[in-house]
Amino acid sequence: MSGTEHWHPAALSGGLEPGRSAGTRLFDREFCIWRDTGGVAHAWEDRCPHRGMRLSFGFVRGDRIACLYHGWQYDEKGQCRLIPAHPTLDVPPTICVTTFPCVERLGVLWIYPHHMVEAPPDLPVAERDVSPVRSLYIDCAPAAVLRALTAHAQDIGPPGVPLLSFASVADQPIAAVQPFGAAKTALHIVVPGALRTQRPGARRQTAEWAEELRHDLEQTLSPGELPSTVCGNSTWPS
Amino acid sequence: MAELMLHDYELDEQCYKVRLLLGVLARRYRRVSVDVYPGREQCGARYLRLNPLGALPILTEGEFVLYGAEAILAYLARKYDPSRSWLPDEPALFGEVAQWLAFAGIELRAASLARLRALLETGTGDSDNVGAARRAFRLMDDHMTKRELDDARWFVGNAATIADIAMFPAIALSRDFGVDHDEYPALRRWMANVRTIPGFATMPGIPAYH
Chain F
1 MSGTEHWHPA ALSGGLEPGR SAGTRLFDRE FCIWRDTGGV AHAWEDRCPH
51 RGMRLSFGFV RGDRIACLYH GWQYDEKGQC RLIPAHPTLD VPPTICVTTF
101 PCVERLGVLW IYPHHMVEAP PDLPVAERDV SPVRSLYIDC APAAVLRALT
151 AHAQDIGPPG VPLLSFASVA DQPIAAVQPF GAAKTALHIV VPGALRTQRP
201 GARRQTAEWA EELRHDLEQT LSPGELPSTV CGNSTWPS
Chain D
1 MAELMLHDYE LDEQCYKVRL LLGVLARRYR RVSVDVYPGR EQCGARYLRL
51 NPLGALPILT EGEFVLYGAE AILAYLARKY DPSRSWLPDE PALFGEVAQW
101 LAFAGIELRA ASLARLRALL ETGTGDSDNV GAARRAFRLM DDHMTKRELD
151 DARWFVGNAA TIADIAMFPA IALSRDFGVD HDEYPALRRW MANVRTIPGF
201 ATMPGIPAYH
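First to last, the protein sequences are chains F and D. My numbering numbers the first residue of the first sequence as 1 and each following residue consecutively. My numbering numbers the first residue of the second sequence as 1 and each following residue consecutively.
Don't read these hints as lab results, they were simulated from the structure. Careful: at least some of the hints might be erroneous.
To be verified - Derived, one-sided and incomplete: chain D residues facing chain F with beta-carbon distance under 7 Å:
| id | residue |
| --- | --- |
| 1 | ASP142 |
| 2 | THR145 |
| 3 | LYS146 |
| 4 | ASP180 |
Unchecked claim - Computed footprint of chain D on chain F, listed as stretches where at least three residues anywhere in the stretch have a Cβ under 8 Å from a Cβ of chain D:
| id | stretch |
| --- | --- |
| 5 | 14-24 |
| 6 | 155-165 |
| 7 | 202-216 |
Because the structure is a prediction, the values reported are computed rather than measured. Glycine included, each C-beta is placed from N, C-alpha and C at the ideal position.
Chain D extracted, bound-state conformation:
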């Protein structure tokens, strides 16, 4: 069987999403460290052949190549989760998971950018992205507040899905760009739940315990 390989950068929250899912699925894979900073290796010829966007994560399995965290999550869940719980088949649940995957890719992009700016550059204000990230976090907190009132613990349905995986890093790492969790009590409780998923993996800035 072709080897599963993740082209990865430790500090990249998009890569972390994939490591998180591979961890909870207990799937063995080879991790290839890419010199993103300062080397910009993902923008070199070798990596542009795998992803012309010049970004990580990239998953390869033999000749098969896939880039973009949400697409990789969907692929891995479909292929390696026999329980079908991480990406449910039921149409309404499947649709809701897809909705939050898009939210993670579009609305939370500002959080990614704000964090990169804060980590890799200094002294530059980035109020637009921080503001957009806070608006997205508020929508997530409103959602989880109402979910709690319906006695639910996860973004979609009655079990953790790849929607939870895709939403988790941006808020869990928001202190990297100066956004505290004080005003997101429902997200704080949900993040504590995510940490209890068997196989949960950490990354710099995200300790296991709370």
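So that you can see chain F by itself, here it is in the shape it has in the complex:
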């Protein structure tokens, strides 16, 4: 995964409610994103250490997430705290899930998918008021989508973090680009300005524009246009 030591968008913040979990991918690697009932978002490896079940299938209780299979509970640091079949057991500290840095900026949840670092670098994206529109999943290679879109949009993101501003489209949507997998790209789309400043129907209209954008991209780019090795490395901007 050289060329990928960057923050990557994974969801719209507002779409992940307190007490909920969801699965997502970066370069075809599975992540569990979940928000505890206190509102803090977490991004973890999507595997329960017990049987390898995806933790995103599990359920959130307070500041813990529990695996759907056997109910093993993990605290916000990824440490297993409870094994229901052995309720009195003091769980060994070696039973833990790999966690990743996770921040919320511009109405988007971002993951830094590297756990070898002490502290992650700051996500160099300035906070501003935005309103969420939708996440859009496109059956095309991320590098191909990016190449096609930069003809119509300005990349206002820092190096390696594509953030596309569609200034010529009504309500000027901004899209954070998620390299989901070899043949799948997600765009997390917001419009500038707080919710109360949006004209009625603006977000719905932008959602309809997004559907057309997905249609056009999938018609023009074939899913297998680029071999899978490309999206993880050289063609993804670094």
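Fit chain D to the supplied structure of chain F, relying on the hints for placement.
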């Protein structure tokens, strides 16, 4: 009063739709388990008299016989929902519910077939049905995305209808045939809402909580 009887197979998502509605309507009924697999009892002479298509669910109430999940949902809602909320009378809402019932019967059939193939056979690719199911799920997610932007939580109108019941099992069980929910965020939130309906019933593959 004639007894309400559902001829049922636990793993059949079409039967589950009916169990789900009977649960939320808090309607008592007798459940008759049919040996679909491996017995193919629904294709035997006794069941072909009730449904010549050789499929479940089949609802009987005295002499009255009805087959097909969507038809049964409509019948039960009309007869046993005094609030008229599960199948609204208002023409536009009624029409929209009918539209999604047809969608569940036609567009989501591929999901049913893909799941049956995955559960009952092994090692056979079924990419056509999986692809068709994914196209249907995407349309549903697009719909619910726009509904959320209009501050709505259900497929039609301001309350849950039999459209929500009919649409729910295919996506809730899609992991059975290898389709994750990762790319359907609006459906994920809607499924969480469906689980909160009082009387919600589970089936294998669909836990109550999330």
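Going down the list of hints, with the structure as the test:
1. Of the supplied interface hints, the one on D/ASP142 holds, with its beta-carbon coming within about 6 Å of a beta-carbon of chain F, less than 7 Å.
2. Given hint, D/THR145 at the interface with chain F, holds; its Cβ is 5 Å from that chain's nearest Cβ, closer than 7 Å.
3. Annotation: interface hint on D/LYS146 holds; nearest CB of chain F at approximately 6 Å, less than 7 Å.
4. The beta carbon of D/ASP180 comes within 6 Å of a beta carbon in chain F, closer than 7 Å, and the hint placing it at the interface holds.
5. Note: the stretch 14-24 of chain F has 7 residues with beta-carbon separation from chain D under 8 Å; the three-residue rule is met and the coverage holds.
6. Residues of the stretch 155-165 of chain F lying with their CB closer than 8 Å to a CB of chain D number 0, which falls below the three-residue condition for coverage.
7. Coverage of a stretch by a chain is defined here by at least three residues with a beta carbon nearer than 8 Å to that chain's beta carbons; for the stretch 202-216 of chain F and chain D the count is 5, and the condition holds.
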